[in-house]
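Student: Listed here are the chains, written in short residue letters.
There are 2 protein chains.
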Amino acid sequence: MQSLAPFLHPNGIVFVGATDKEGSVGRAIVENLLNFEGRLFFINPKRNEVLGHPCLQSIDQIDQPVDLAVIAIKAEYVPQTLIDLGKKKIQSVIIISAGFKEAGQEGIELENRILKIAKDYHIRIIGPNCLGVMSPYSNMNATFAKTMALAGGVGFISQSGAMCTSMLDYANDIGVGFSAFISVGSMSDIEFKDCIEYLANDPKTHTIFLYMETIGDTNGFIRICQKASFKKPIIAIKPGRSEAARKAAASHTGSLVGSDTAVEAIFDKGHVLRADTMEEFFDLFTFYALEEIPLGDRIGIITNAGGMGVLTTDAIEVNGAKALAPIDVLGDATELDYIKAWDELKDTHSIDALIVIASPQSMTDFVKIAEFTTQIKGKIPVCASFVGKKQTLEGEQVLKKQLIPHYPTPDRAAKVLTRVIGLKKKIEKAMQIPSLLDQPLPKKIRLPETHGRTLLTEYESKSLLEKSGLPVVKTLLASTEEEAILAAQQIGFPCVVKLNSTTITHKSDVGGVKLNLQSVEEVANAFRDMELNIRKGFEGVTVQKMSNLKGSIELLFGMILDPTSGPLISFGSGGIAVELYKDVVFAIPPLSMEEALDLFEKTKIDHALTGYRNLGPIDKKALAKFFSAFSSFIASMPEIEELDINPIIANKNEIVILDARIVLKSH
Amino acid sequence: MQSLAPFLHPNGIVFVGATDKEGSVGRAIVENLLNFEGRLFFINPKRNEVLGHPCLQSIDQIDQPVDLAVIAIKAEYVPQTLIDLGKKKIQSVIIISAGFKEAGQEGIELENRILKIAKDYHIRIIGPNCLGVMSPYSNMNATFAKTMALAGGVGFISQSGAMCTSMLDYANDIGVGFSAFISVGSMSDIEFKDCIEYLANDPKTHTIFLYMETIGDTNGFIRICQKASFKKPIIAIKPGRSEAARKAAASHTGSLVGSDTAVEAIFDKGHVLRADTMEEFFDLFTFYALEEIPLGDRIGIITNAGGMGVLTTDAIEVNGAKALAPIDVLGDATELDYIKAWDELKDTHSIDALIVIASPQSMTDFVKIAEFTTQIKGKIPVCASFVGKKQTLEGEQVLKKQLIPHYPTPDRAAKVLTRVIGLKKKIEKAMQIPSLLDQPLPKKIRLPETHGRTLLTEYESKSLLEKSGLPVVKTLLASTEEEAILAAQQIGFPCVVKLNSTTITHKSDVGGVKLNLQSVEEVANAFRDMELNIRKGFEGVTVQKMSNLKGSIELLFGMILDPTSGPLISFGSGGIAVELYKDVVFAIPPLSMEEALDLFEKTKIDHALTGYRNLGPIDKKALAKFFSAFSSFIASMPEIEELDINPIIANKNEIVILDARIVLKSH
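Going line by line, the protein sequences match chains A and B. Counting in my numbering, the first sequence runs from 10 upward without gaps. Counting in my numbering, the second sequence runs from 10 upward without gaps.
It is worth saying that the hints were derived from the structure and are not from the lab. Each hint can be trusted.
A pair holds if it fits inside one copy or across any two, identical chains being indistinguishable in the list.
Using 25 Å as the maximum straight-line C-alpha spacing, the simulated BS3-like pairs for lysine-lysine come out as follows: (1) Lys155 <-> Lys398; (2) Lys377 <-> Lys155; (3) Lys630 <-> Lys613; (4) Lys399 <-> Lys155; (5) Lys399 <-> Lys410; (6) Lys241 <-> Lys434; (7) Lys433 <-> Lys241; (8) Lys483 <-> Lys516; (9) Lys634 <-> Lys554; (10) Lys241 <-> Lys386; (11) Lys611 <-> Lys630; (12) Lys452 <-> Lys630.
Throw the hints in and build the complete structure from the sequences for me.
Tutor: Okay, here's the thing in structure tokens:
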């Protein structure tokens, strides 16, 4: 696959659609491109010059090597332009033009045509329907935005032009620059994963920010993010949380999961930090752009306002880091008191980051406190919060000039720091665990022959799970009364007899479940009762051991297919607790044993696993191994549409699946 | 009780501690007071004039009526000054001076002295250790702050001087004014409840904001807030959330509750909106100060950035309101498109509030969009979010001038609106329900004679609850085998025999619980076993009916004493779920039936109460009546230190307490 390098560092650019028409996209791009110092060719069949610069009438007039093209012409002319570019071996193309798949059936056909041409000529495309690309280190602004990004360390990839221009305007104000600024548009070819992969290896990029409306190739995205996250932080924002809430109401299973749950699972697996709100996205941007990542989680606070110090401590601890030694320098503090406090913090505590808080009081000189803060920068990561507006302004301007992150209230500083630290910890942990994504999946297990039936019987479901290495309660099929008795004798008493049927799905409703049978007679009666009463659909019974639930923890393993993520596996409290307490967590398969243990810790039932009252402790590692095996089984079986193991029971002595239900995809 | 009117609208002010010493608190106050248009007297025994104004040497030289004094002298001289003021019948005093209870034992004694003097002379005190009081409508600035508040509709009461000056600086910047600006300091006399009561009846005040470090008289605070909230919104911020987390780890019961839980319960009962963060506090301040409260919960959005519209919808729905009809006017929109969108929203949807979002794109004119927004103001509540910084600035300034709330990201606007709407709904609902606080408590129930023992036996606990009108499972005492058999025959089989003992607290551990006894013989055996095996501490048994838990919901009623709130009652999932799923909610007693039903809805087990799988439905109203009775019982019994009813079981046929445990306060 061709590198994205020509998109960011081209040896020359051809712009198709050059014009000097006032207010047009074409003119804006011409003006922006004029700062590019490499070869530059403007194309417009009707012009000899544009804004005083020479203009060619066609692509074949280009007489020097060029490796990037930008297209901003009517959609219908794009296919021919691509062919012309292809013939010239110009294989990196940014299509600004709209009018493709977002524009209905005709647009979809047009998009398919350009993709076909791109394939034929080995052309890679950014767009269509995008703002373009900025590459500050190459002085390249191939967009129609009004302003240019500064050069810096942030790689920004956005699916929304509006988010691009807002972020750019904000970044310019705080003096933050970019290594790459890519508007991916409708991602007909190049998508997030491609850009992330490139920026992960780009030495100028230290952090990657994403605004996503769709994820694109989920598996590719996860794989690439996992690797990239070991080199630099990836931060994303993605709308759609409330869609989940709506979907949640939709269906029985849906009440536990919506597509936003899948998005969370994808980001989690890719070690991508998801900003909860736009504000947090901008706040994280400010921090990562201006400061280093703290080495540990001990945050110091110096404040001239005691209450604000406590509120900041609250925000730190609520968000999961440690507030270490907030020092209240009191209301009449001068910058000298801040310096003294810093000396104390530095000498007596080992802090990893500092928040400087100041409120306008009688002796407060914000400029001097800003200068004090500047002295800290470079020693440890620092951010400031000057709380007010009129009186704080001058001090804030000093901070801005010195590229020190400033937040109008200190809880925002606290939240950002805790999230930055949280991501760092997560990635450090993940680096210790080999990812299963790079390992081969287990051998596929043969599905039973169902002749188009999609719902497997309990016996079929359990057999499949047993073959995959999961601990299934011993269950025997019996077609006759005699076989049932033999089975029961083999299994031992008490036992359970259940209807076996490929057509009846709710066994209990038809009297198809008889629990706690103590003798051969009771088993025989159970068989005869079912045979007699359930005429249509009776295909014999299964006999299984009666498990004593007392003192056992009821758990759930599950899987659903999500439109975004594909298979999404779940773990949680089983039995009735599933839906009442919704103590269930989701993940993308496969998971290693270590990842399974981490997942367990996000549930409440985990307390029981480690021993709680008369429950547990159970062999958590064994459970995690089973869940890991289950996750690999799911990953290897794309034929499965839905799966519920509920309950799987666990106690001091055993972990065993009592019931399971598998639905296959229909062909 | 004397009104607070003289503190805010005095006929004259005497300032004790006047000086012109550079940089002193006394001089700052003199300068600030000079703008007061009523009578003004400066007192300093060593001076004839201060800053060119006459100065008296002692209080008795004052020859005209004055009803407010401000004191900023050394703490040790304050008592005599108070006596002098008392003799002059000056009975409203702001003590700025520090050096009282915050300053150790000597300070505590000094504070007690001034409180004694205040009582003798009927003097009310604000402070000590405060910034002072501003009353913009009286041109009174009796503080040492550098700037004066504008006149407006916000009443601000703060226990932190730093929060005062920050808020003031912020408010002056956005052009927001105050009806009263009170720094209550250490609240030796006048506390939050007094100020709230006054401001609730002050026609100039439309909203009350509180920064609280302590609540003061909890019951008084709740009563006054309940009443005040029906007239105007009360918004508070209070540090200490993470203390709760720490306390939580401390003890068994504590793991479910910490003092911050009590604070939440207090605010909830007083209908006080608690800001989660400082940022939210400032954001709510901006909204309430500048805009009207929406009449309903339907929020419209007009945006030139689709993604930001969706993110805003997310924020609205995550926070519990309705996002109605976000209109995306697209990236190339001008203000004309915004106007068109507004016409559409207005005509085809009935929205209660509007968020205007704009990102800097090619055609975006922020000034014109701000002017469009100005046209909406007055029609319905509106706020704006111009996302960027450099390019948005001019438009933001128009918004500021027009007093339109602006938030740098739209999710903040969304969150504020949803919280404002949420509070309004809550208060409207509360207005329909008579508060139990104004009704007499039930008659006290006589406690059993325990001779200093604080832990009641199960039988004593249940009897007490039964007398209070709660449904307790029939339980009989039996001292002999014969009595036990008679009791069992009276109750019926199966039954339970439990040890009765005032000394053994863990009955199960000593074999003191025998379940599911089916016959007279089994009861007799159970009695004999206990009598034989548990020699020390055996005081007979209790016999109760064996309840069938199957199909029943296990619930919990509880009470603990919290240092802040006093008795705090709880409701939630009983049995093992209590601590595993922590499905418990807390409230301040007493609660009406309607309030109990609202409380239930905050739990997950509520789904079971209304019928869920094989559980319920149960008679929720009956349960709520019991919980209300329980809450009144708790409110009437201050001798109780701790109480657990677990489980109380509920099913289609009955609601009954199976076990209870009461701990009394030690004398």
